[in-house]
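Number of protein chains: 4
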Amino acid sequence: MASALRVLIWNENVHERKNPVVAKIYPKGIHGCIADALKVDNQFHVRTGTLDDPEHGLTEKTLEETDVLLWWGHAAHGEVQEEIVDRVVKRIWEGMGFVALHSSHYSKIFKRLMGTSCSLTWREAGEKERVWVCNPAHPIACGIDRYFEIENTEMYGEPFAIPAPDEIVFMSWYAGGDVFRSGCTWKRGNGRIFYFAPGHEMYSIYFNSSVRLVLRNAVRWAAPDPKKWVDSCPQIPISEACEPLEQKGPRMHKEGEEGFR
Amino acid sequence: MASALRVLIWNENVHERKNPVVAKIYPKGIHGCIADALKVDNQFHVRTGTLDDPEHGLTEKTLEETDVLLWWGHAAHGEVQEEIVDRVVKRIWEGMGFVALHSSHYSKIFKRLMGTSCSLTWREAGEKERVWVCNPAHPIACGIDRYFEIENTEMYGEPFAIPAPDEIVFMSWYAGGDVFRSGCTWKRGNGRIFYFAPGHEMYSIYFNSSVRLVLRNAVRWAAPDPKKWVDSCPQIPISEACEPLEQKGPRMHKEGEEGFR
Amino acid sequence: MASALRVLIWNENVHERKNPVVAKIYPKGIHGCIADALKVDNQFHVRTGTLDDPEHGLTEKTLEETDVLLWWGHAAHGEVQEEIVDRVVKRIWEGMGFVALHSSHYSKIFKRLMGTSCSLTWREAGEKERVWVCNPAHPIACGIDRYFEIENTEMYGEPFAIPAPDEIVFMSWYAGGDVFRSGCTWKRGNGRIFYFAPGHEMYSIYFNSSVRLVLRNAVRWAAPDPKKWVDSCPQIPISEACEPLEQKGPRMHKEGEEGFR
Amino acid sequence: MASALRVLIWNENVHERKNPVVAKIYPKGIHGCIADALKVDNQFHVRTGTLDDPEHGLTEKTLEETDVLLWWGHAAHGEVQEEIVDRVVKRIWEGMGFVALHSSHYSKIFKRLMGTSCSLTWREAGEKERVWVCNPAHPIACGIDRYFEIENTEMYGEPFAIPAPDEIVFMSWYAGGDVFRSGCTWKRGNGRIFYFAPGHEMYSIYFNSSVRLVLRNAVRWAAPDPKKWVDSCPQIPISEACEPLEQKGPRMHKEGEEGFR
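Residue numbers (the numbering used here), protein chains in the order written: chain R, 529 to 789; chain V, 529 to 789; chain L, 529 to 789; chain X, 529 to 789.
It is possible that part of the hints are untrue.
Note that the list lumps identical chains together, so a pair holds whenever it fits in one copy or between two copies.
[Stated by the list, open to error] Here are the simulated BS3-like pairs of lysine-lysine, each with C-alpha atoms no more than 30 Å apart in a straight line:
1) Lys552 with Lys656
2) Lys567 with Lys589
3) Lys636 with Lys782
4) Lys782 with Lys552
5) Lys776 with Lys556
6) Lys546 with Lys776
7) Lys756 with Lys618
8) Lys782 with Lys546
9) Lys755 with Lys715
10) Lys782 with Lys618
11) Lys715 with Lys546
The hints are simulated quantities; they were obtained by calculation from the structure and are not laboratory data.
Turn these sequences into a full structure, and let the hints guide you.
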C-alpha cells in the first residue's frame with residue numbers, strides 16, 4: 529500500500545472539559561492521547577473530531593477521506609445526530625473500518641451495527657484487569673505476549689449482549705472475579721469492526737503501551753479493501769435479465785421505477 | 529409444550545386497500561391469508577395486527593403475549609413509529625421469534641436487527657422461482673422435498689446485503705437467470721429470526737401450500753426458549769464483587785448510580 | 529415429545545481403574561456418576577458405554593437408538609478405533625447431539641468435528657474456577673444464576689484453538705489469573721455440539737449440583753430435530769433436471785454411476 | 529509486502545494421464561494450466577506438486593516455504609497419505625492459505641477442516657453455469673462484474689453439507705435449474721480457506737479468464753498474516769501462574785509433564 533492509512537479519531541470530549549480528574553489525565557483530550565499513540569511510527573495519517581465540531585467533525589468529505597474511524601463516547605451518546613449516525617454507518621457498510629472503544633458499546637453507531645442491546649455489567653473499583661490473547665497470531669494481537677495487564681480499570685463483565693463475534697481476540701480477567709469478551713471482531717457490509725473494552729476515562733489507560741499497540745494493530749486490521757460497495761436496491765429491467773424473459777401477470781412498479789423504502 | 533404458541537401476524541395492509549389487483553388476490557388482506565395458513569391444524573393461537581390499529585396493534589401487552597411475530601411491510605416502512613420499533617426489537621432480544629417476509633427486508637425492524645443495508649436486486653416479471661432446500665433436516669424445511677416451485681414471482685437477487693446468516697435454509701433459482709439466499713436464519717439477543725423471500729403482493733404466493741408449510745415450520749422453529757432475558761447495563765456494587773475488592777482511585781459514578789446511555 | 533430422550537454416556541474408564549484417587553472419587557466410574565446426574569427426574573433414558581465394551585459400546589444399533597451422546601476421554605484417545613470414530617461422526621451429522629466433556633477437547637471425534645487443533649493451556653493446581661453465564665436465557669444455562677463456582681479445578685486456559693463458536697454459554701475465571709471459553713456450541717451437519725470444560729478426574733466435579741444441572745440442560749438442548757439427514761453425493765440424472773437439458777460435450781462418469789471419494 | 533507470495537498448486541494429475549479428453553484440454557496438467565494463470569503479472573512465486581512426487585511434493589520444507597496452497601483432487605483422494613494430510617492441515621492452522629478447487633470438496637484435507645460430510649449433488653451435462661457475486665467489494669470478486677458465465681460445466685448443487693461459511697462470495701445458477709454456494713470462505717486456526725466450485729476436468733474451465741482472475745484474487749486474499757501460531761497444549765507451571773497459587777489436592781500429571789493426546 530503506497531499511501532498511509534487515513535485515521536479519524538472521534539471523541540465526544542465531554543468528561544475532559546467537565547471533570548477535573550479526567551482533564552488532568554488527558555490534557556489533550558482522549559482523542560489527543562490516542563492520536564499521539566497512533567502517530568508513533570508515522571504510519572498513519574491521523575485526524576481527530578469531536579461532538580462540538582460542525583457536523584460533529586464527520587462531514588461527508590471527511591468520512592470519504594477516512595479509512596478507519598475510532599470512536600470514544602459515553603456521556604453524550606444521545607447528542608449524536610441521527611443523520612450523522614446514518615452517514616457514518618453507510619460509510620462503514622462501504623468498507624471504512626470502525627474501532628469502538630470502551631463505553632462506545634452503547635454508542636448509537638455500535639448498537640446499530642450489532643442489532644442487539646449491547647448491555648454488559650460494570651464496576652468502577654480501579655481493580656486489576658488482565659487481558660488475555662485468544663489467538664496469538666491474530667494481527668490485532670501482534671506483539672502482545674500471552675497477556676497484558678492494566679493495573680487500574682473499570683470492570684466490564686458478562687453477560688455482554690452482542691451477536692456472536694467473528695473472532696474473539698481478547699478476553700479479560702478481573703481481580704474482582706469477573707470475565708469479559710474484551711476484544712471482538714465483526715463485519716457489517718464491507719466494514720471491519722473491532723470492539724476493545726479498555727479505556728475508562730478516570731484512569732490513564734490510553735497511555736498504556738500495550739493498549740496503544742493494540743490500537744495501532746487494530747487500525748491496520750480494519751483497513752478497507754480496495755473496492756467499496758453499498759447498494760440501494762436496484763430494479764433490474766426485464767430486458768436485461770440474463771435469460772430471455774417476458775412479463776407475466778400484473779406489476780406494482782413500472783420499469784425503471786425505484787422501490788419503496 | 530402444554531399450550532399453543534401465540535402468533536401475531538403483522539401486515540401494513542396498504543396495497544390491499546389501494547390496489548385492486550392485490551385486493552382481489554387477498555380479500556382478507558395478506559395477514560388474513562397467512563392467518564388461515566397458520567390455523568390449519570389448530571396448533572397455534574393466531575392474531576393479526578396492522579399499521580392502522582392503535583399503536584399499530586403492537587402494544588406492550590400484545591407483544592408480551594406473543595411468542596412469534598410475522599412481519600409483512602412494503603410501501604409504509606417509514607410510517608412505523610420509532611417508539612414501536614424500539615418496543616418490538618426489545619421484545620425480540622428477550623426471546624420473541626421474528627419472521628420477516630418478502631419486502632420486509634427493508635422494514636425498520638429487520639434493518640435494526642441486521643445492522644446492514646439489507647439491499648438486494650429485484651425484477652417484477654412474474655417469472656418462475658424454484659426454492660431449493662440447503663439442509664433437508666432443518667426444521668423449517670420439514671416436509672419439503674428437494675425444492676418447491678412458485679410459478680409467478682418477483683425476482684429478489686444477489687447481492688443481498690446481510691450479515692452472514694447462521695444458516696441458509698433455502699436458496700432460489702429464477703427463470704431470468706438470478707439466484708438469491710431466500711431463507712436465512714439469525715439470532716439477536718435470544719430472538720430467533722427467519723427471513724423468507726417469497727411473498728410478492730401481486731401474485732397469490734401465500735396460497736401456495738409449500739409456502740404455507742414453511743410459515744408453519746418457521747413459527748415452530750422461532751418459538752422462544754422458556755427463559756427470557758434482556759438487560760440494561762447494571763452496575764455491580766463493589767461490596768458484591770465475587771473476590772474481595774477495595775475501591776482504588778477516583779470514580780465517575782457513585783455506587784448504585786445508573787450508567788450513561 | 530412423547531418419549532424420553534435417549535442418552536448414551538461414554539467414558540474411556542481408564543483412570544478409574546488405574547488411579548486410586550480417581551477410583552475413590554468415582555467408584556461407579558465417571559460415566560456412572562454422570563448417569564446418576566441425568567437420572568434425577570426420570571426425564572431421560574440413560575445408558576453408558578466404555579472403551580472396553582465390544583465396539584467400544586458404540587454399535588450401529590446403539591448409536592441409531594441414541595439422541596444425545598456425552599463423551600469423556602483423556603488417556604486413551606488414541607485407542608478409539610478410526611472406524612468407530614467415523615460411525616459416531618456420521619451419526620452426529622445425521623442429527624445426534626454430542627456433548628464433549630473436559631479433556632475430550634482432544635478426543636478424535638471432537639477434533640474431527642472442529643477442524644482445528646483444539647489446543648489449550650492447562651494447570652493442575654486445584655485452584656478455584658468461577659463459571660460465568662454469558663447468556664442468561666440460553667437453555668443450557670437455565671437455572672444457573674450469574675455464575676457458579678467449582679472450589680477445586682484443573683485450569684483450562686486461552687488460547688483455545690477452536691473455530692468461532694456459534695454461541696458462548698459459559699466463560700471461566702480462575703484464581704490463578706486465567707480465563708477460558710468453558711461452554712461453547714457449534715453445529716456440524718445437523719448435530720448440535722456442546723463443549724463443557726469442567727470435569728477433571730482428580731476432583732469430584734461431576735457431583736457438583738450446578739455442573740449436573742448444566743449436563744441435564746445440555747442434553748435437552750442437543751436433542752435432535754425430528755428429521756435426520758446425511759447424504760453421499762448423489763448424481764442427479766440429466767433426465768431428472770428441473771429444466772429440460774441435453775447432454776453437451778464429453779463426460780467422466782456414466783449416467784447412474786457413483787462419484788469418486 | 530516486499531516479496532512475492534509463494535504459491536503451491538497441487539494436483540493429483542491422474543485424469544490428465546489416463547483420459548484422452550482431459551489430456552487434450554490440459555496438456556500441461558490442470559496444475560500447469562493454473563500455474564500459467566497465476567504467473568500472469570509476475571505477482572506470485574509459483575510452484576506445483578503432484579501425487580506421484582516424493583511425499584506428494586508436500587515436504588515439510590516445501591510447506592514451510594508456501595504461503596498459499598491450491599488443491600485439485602478427484603479420483604485419488606484416498607491415495608493421499610494420512611501423514612501428509614496431518615502435515616498440511618497443521619500448516620494451515622499455522623496460517624497458510626488453502627484454496628480447495630472443484631471436486632476437492634471431498635479431499636481429505638478439506639473434509640478435515642470442515643468437520644462435515646461435504647456432500648453435494650452433481651450432474652455432468654455440460655450445461656451453462658452463471659456465477660453470481662454476493663459481495664461486490666469482496667477482494668476475491670475484485671474485477672468481476674455482477675456475474676460471469678461458464679458455457680459448459682458440471683453442475684454442483686444444494687444441499688452442500690458444509691458448516692455455515694464465514695462469507696459467501698459466489699453463488700451459481702445452472703441452466704438445468706439448480707443452485708449452489710460456489711465460492712465460500714472459512715478460517716481454521718489462522719489459515720484462510722476458500723472453496724471454489726468451477727473446475728470440471730472434462731471442460732476447459734481453467735482457461736476461462738474470469739475463473740483465472742478469481743484464482744489470483746483468492747491467492748492474495750488467503751495470504752497469511754505475519755505471525756504464525758499453532759500450539760500443542762502446554763502445561764502452565766504453578767509457579768508461573770499470574771496470581772499467587774499453591775497446589776491443592778492431588779494431581780494426575782507431574783509439573784512439566786506433557787498431557788495425554
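So, going through the hints one by one against the coordinates:
Proximity of Lys552 to Lys656 under the C-alpha cut-off of 30 Å is restricted to the intra-copy arrangement: shortest distance 22 Å within a copy versus 39 Å between copies. Within a single copy, Lys567 and Lys589 get their C-alpha atoms as close as 22 Å, which meets the 30 Å cut-off; across copies the closest is 39 Å, which misses it. Proximity of Lys636 and Lys782 under a CA criterion of 30 Å is satisfied inter-copy only: 24 Å between copies versus 37 Å inside one chain copy. Taking CA atoms no more than 30 Å apart as the test, Lys782 paired with Lys552 passes between copies only; the shortest distance there is 20 Å, against 63 Å inside one copy.
In this homomeric assembly, Lys776 and Lys556 come within 30 Å of each other (Cα to Cα) only across copies, at 24 Å, whereas the closest approach inside a single copy is 66 Å. Within a single copy, Lys546 and Lys776 get their C-alpha atoms only as close as 66 Å, which misses the 30 Å cut-off; across copies the closest is 21 Å, which meets it. For the identical chains of this complex, Lys756 and Lys618 are intra-copy neighbours only, at 11 Å inside a copy versus 32 Å across copies, given an alpha-carbon limit of 30 Å. Taking the shortest Cα distances, Lys782 and Lys546 sit within 30 Å of each other only across copies (16 Å), while inside one copy they are farther apart (57 Å).
Taking the shortest alpha-carbon separations for Lys755 and Lys715, both the intra-copy value of 15 Å and the inter-copy value of 22 Å come in at or below 30 Å. Taking CA atoms no more than 30 Å apart as the test, Lys782 paired with Lys618 passes inside one copy only; the shortest distance there is 28 Å, against 37 Å between copies. Taking identical chains as interchangeable, the C-alpha atoms of Lys715 and Lys546 are never at most 30 Å apart, the minima being 35 Å within one chain and 40 Å between chains.
Of the numbered hints stated above, the single one contradicted by the structure is hint 11.
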